[in-house]
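Q: Starting from the known structure of chain A, arrange chain B on it as the hints suggest.
Protein chains: 2
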Amino acid sequence: MNAAERVIRTAEAAEIGVCFANPGTTEMPLVLALDRVQAIRPVLGLHETICTGAADGYGRLRAKPALVLLHLGPGLANGLANLHNARRARTPVVALVGEHATWHRDADAPLTMDIEGAARTVSRWCGRMVRASEAGPLAARAIAESMAGRGGVATLVLPHDLLLEPVPDEPSPLPEIVTPAAPDPGAIAAAAELLRGGAASALFLGGPALWGEGLRLAGRIARATGAALVCETGFARLATGAGRPPVRRLPYFPEQAQALLDGFAHVIGLGANKPVSFFGWPGKPSRYLEDRDGVVWVASAEDDVLAALAELSRAVGAREDHPGSPFDPPTVPDAPLDGTRLAAVIVRLLPEDAIVVPTAVTNAYPFSAIAERARPHEQLALTGGAIGEGPALAIGAALAAPGRKVVNLEADGSGAYAVQALWTQARERLDIVTIVCANRAYRILGLELERSGEAPGGPATRALTSLADPPIDWVAVARGFGVPGARVATTAALAAALDRALAEPGPFLIEAVLP
Amino acid sequence: MNAAERVIRTAEAAEIGVCFANPGTTEMPLVLALDRVQAIRPVLGLHETICTGAADGYGRLRAKPALVLLHLGPGLANGLANLHNARRARTPVVALVGEHATWHRDADAPLTMDIEGAARTVSRWCGRMVRASEAGPLAARAIAESMAGRGGVATLVLPHDLLLEPVPDEPSPLPEIVTPAAPDPGAIAAAAELLRGGAASALFLGGPALWGEGLRLAGRIARATGAALVCETGFARLATGAGRPPVRRLPYFPEQAQALLDGFAHVIGLGANKPVSFFGWPGKPSRYLEDRDGVVWVASAEDDVLAALAELSRAVGAREDHPGSPFDPPTVPDAPLDGTRLAAVIVRLLPEDAIVVPTAVTNAYPFSAIAERARPHEQLALTGGAIGEGPALAIGAALAAPGRKVVNLEADGSGAYAVQALWTQARERLDIVTIVCANRAYRILGLELERSGEAPGGPATRALTSLADPPIDWVAVARGFGVPGARVATTAALAAALDRALAEPGPFLIEAVLP
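For the record, the sequence lines run as chains A and B.
For the first sequence, counting from 1, position 355 maps to 355 in the numbering used here; every step adds exactly one.
For the second sequence, counting from 1, position 255 maps to 255 in the numbering used here; every step adds exactly one.
Same shape as in the complex, but just chain A:
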């Protein structure tokens, strides 16, 4: 057994189920080692950003990380932006970076780069194998580090010559995984007292407070105390729809976000950091909860929010589950599409237990506003603001949750970032419906210009924000990558296409032409 096989067998023993890769020469020992295990599914991406985005989506739905194989520094660089998103999502991801042979590194060959310099910008842990005998323990350490605390990116640099060296066939058990910090009893008591006071209160939720047992507990507290549930703008995972307690998403624009939070006398933090504005807009706040009373932070984004929710729910005597939202889709007249009507069609047709990846930029918000009226489903949002992750997140979600339909509500601007992901969706026969909101612009930039009084700008502004010339033919692009598709411009056509896409196995793309 060589060191490469030791790395892969350690991952197999840790029940890691998938490896996303775009390998090169230095990673071939790891690829050949994958040939010798059964339980790790190898999935090829046409660009490393697909691999790291897919690993983010996969890890958000599992307690375990996916592996990602990356080709030296440039391969890591290509995957870096979605590792940034994974870092912000606190997703467990193990990035294995093949590196030049130890004896070749000083030669400064073309691909040589400061791998750790790039890796540290996104990794909670970064290691390098310097002896083949470390292969197993280092792989185990990387896996444990990716799951430590609330989770994150662990990067392990693996020189090619060491991967080829023989090592003893000795399993490397995972080291103890560091659990998140327990909640502070004083904060629990303070929060419970505020909630019992009866004034308008909000639980500001993030991380595992937004799905599964965490959301159930948050719903109980809401039911018992009348508190509203509000979540981070860029949540990692949210369960919503019929039967789940409704959660309001913090708006993107600062005056709307500030107004929402100012409407509550008390804000209790559970699993998120204190909310900050997405950008530092001139004259707008940076931190929404500064210089005010009634704010108690029970569990930050790093803390054990499930324990905090359990204790807070006991402290306020919350014993009954929230009855949840009803299934109440809006009626949809047949009409030309706009963002609101498009959202209504999706909310009406979304099947139970679907996973929605709402990574469209401007058009995800109308959907978010009414998603609680759909059948029960989960959503994975953009956490780190690095656009273009949606089609890759969808791949990871589909592989992590076979049998569940995935709907990627994507923009034409951000969708073009990672259009290669469609090929992997076709290759792996994944049940992903991509709805491209084709407004032929980076619309968010137009909105920003309006807000700053600079709209519409001059010729350079138009050249750098419009996607109208030429219009991207998304159906042709999808077909080129092996994904069937349809173009629609009305609610009835969208409903028909979405019905068809959801009924058939495998991926499908809908180009929804929007004004």
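Simulated from the structure, these hints should not be mistaken for lab results.
All residues carry an ideal CB built from backbone N, CA and C; glycine is no exception.
Mixed in with the good hints there might be a few duds.
[What the hints assert, rightly or not] Computed, partial: chain B to chain A, Cβ under 10 Å:
#1 Met113
#2 Gly127
#3 Val130
#4 Arg131
#5 Asp161
#6 Leu261
#7 Arg287
#8 Pro459
A: Coordinates of chain B only, in the frame set by chain A:
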């Protein structure tokens, strides 16, 4: 005038002609400033890797850098791999990274990232504006640093609030640009003595020794002394074809490279570093010219190779230009395509003064082997090994050299990395013909497996190296991005398609189906 306009006006005064961008909110002051200048052409890329690759192509053909606008750390991350290629090519590039407002940075908003940590991996200089009054001097410094020595990437981080601040309308002249080091007279004399000795000698060339005046001087020395001309595998720019002295490209595989260099009693370095192998293959050399005699390095990749060539040519009494290769394209029978026949068709039809971007991985080598028999043209190769740059390099080349045809000889594996570049080619009506060598595999990995005795590998290896399922329909993808195309499988069909593509203005894609 605000600081953003000061930055842009400083670039305008330095005669920078193009700005590649995929801007976000933090860069909008720079975009609006571009509205107020006439001489900087704004070019939108659908992903930052397109922007940085295009800037690399542009800078290789000009003495001046292009600007690239990048959106905070994640935007820089997306462009990092092609900035690595630009670093290896020693291309002048000025990367302007929009950053959060100074008062917002500590809030750790979603897009916050260690920008300098990522930037330093590729930049020869990295700066950050901390006062608006520095805008002009820092922009001038960044431009000068990008052109200093042999050139490189200069990264300037520009916080959004400072960009909006008013500054005096005072031009910022460029600081003195540091020129490359002058050649060592002792090395010139030693090289001249070896060349006069009459034994088989090679000039090992890189950088500006491979085109223009540099290549003319190298050709004179070759003519006078009988020395062969050999170049780096990953050259930045090479002039070849009829009338130019033939230059042999150092092979990619180590045994071939070593054999070529071992055939020369003397090797004189001019404008390149000493050649090293691309990877550290087991049992193969890392450095090809170690432990041997007859090696004199006159000018490294950082030195003033044009001065070195001029002095060496005087020292050996070289007074006549090399007569150059004849136009001697191979005859091409009508037959199914393979790499050799494909190369022959291109060599026959390539128009005078074309720019070829031979970034196909396995199929660029048959072309390189016979390119000197084509009409006079230039080539831009992959310098840093970060694949997928070709379609973006082609954009930069077409904008830098209007009126010259650009031919991107691309692979399906590497081409899929940056397929979004086709849209910019269509939008800017660029005369680029993309020939995709569609062998439905990352063929280089198959060759590596054969070399290491591991071919063909098992199911994971096939899953991670084959592109056959589904086959990418390149013509459909191109059409989707607004580029017409054709699929060909024979030499006659390729010739017809290439003739048509070269005759018409604007971009065209040819999917060449290869075994």
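Q: If a hint holds in the structure, say so; if it doesn't, say that too.
A: Structure-based check of each hint:
1. A least Cβ separation of about 6 Å between methionine 113(B) and chain A falls short of the 10 Å threshold, and the interface hint therefore holds.
2. Taken as an interface hint, glycine 127(B) does not check out: its beta carbon lies about 17 Å from the nearest beta carbon of chain A, beyond 10 Å.
3. About 15 Å separates the beta-carbon of valine 130(B) from the nearest beta-carbon of chain A, more than 10 Å, and the hint is not met.
4. With a cut of 10 Å, the hint placing arginine 131(B) at the interface with chain A is violated, because the nearest CB-to-CB distance is about 17 Å.
5. Taking 10 Å as the C-beta contact cut-off toward chain A, the hint placing aspartate 161(B) at the interface holds, the least distance being around 7 Å.
6. Taken as an interface hint, leucine 261(B) does not check out: its beta carbon lies about 15 Å from the nearest beta carbon of chain A, beyond 10 Å.
7. Interface hint status for arginine 287(B): upheld, as the beta-carbon distance to the closest one in chain A is roughly 6 Å, under 10 Å.
8. The interface hint given for proline 459(B) holds, since its Cβ lies 6 Å from the closest Cβ of chain A, which is under the 10 Å cut-off.
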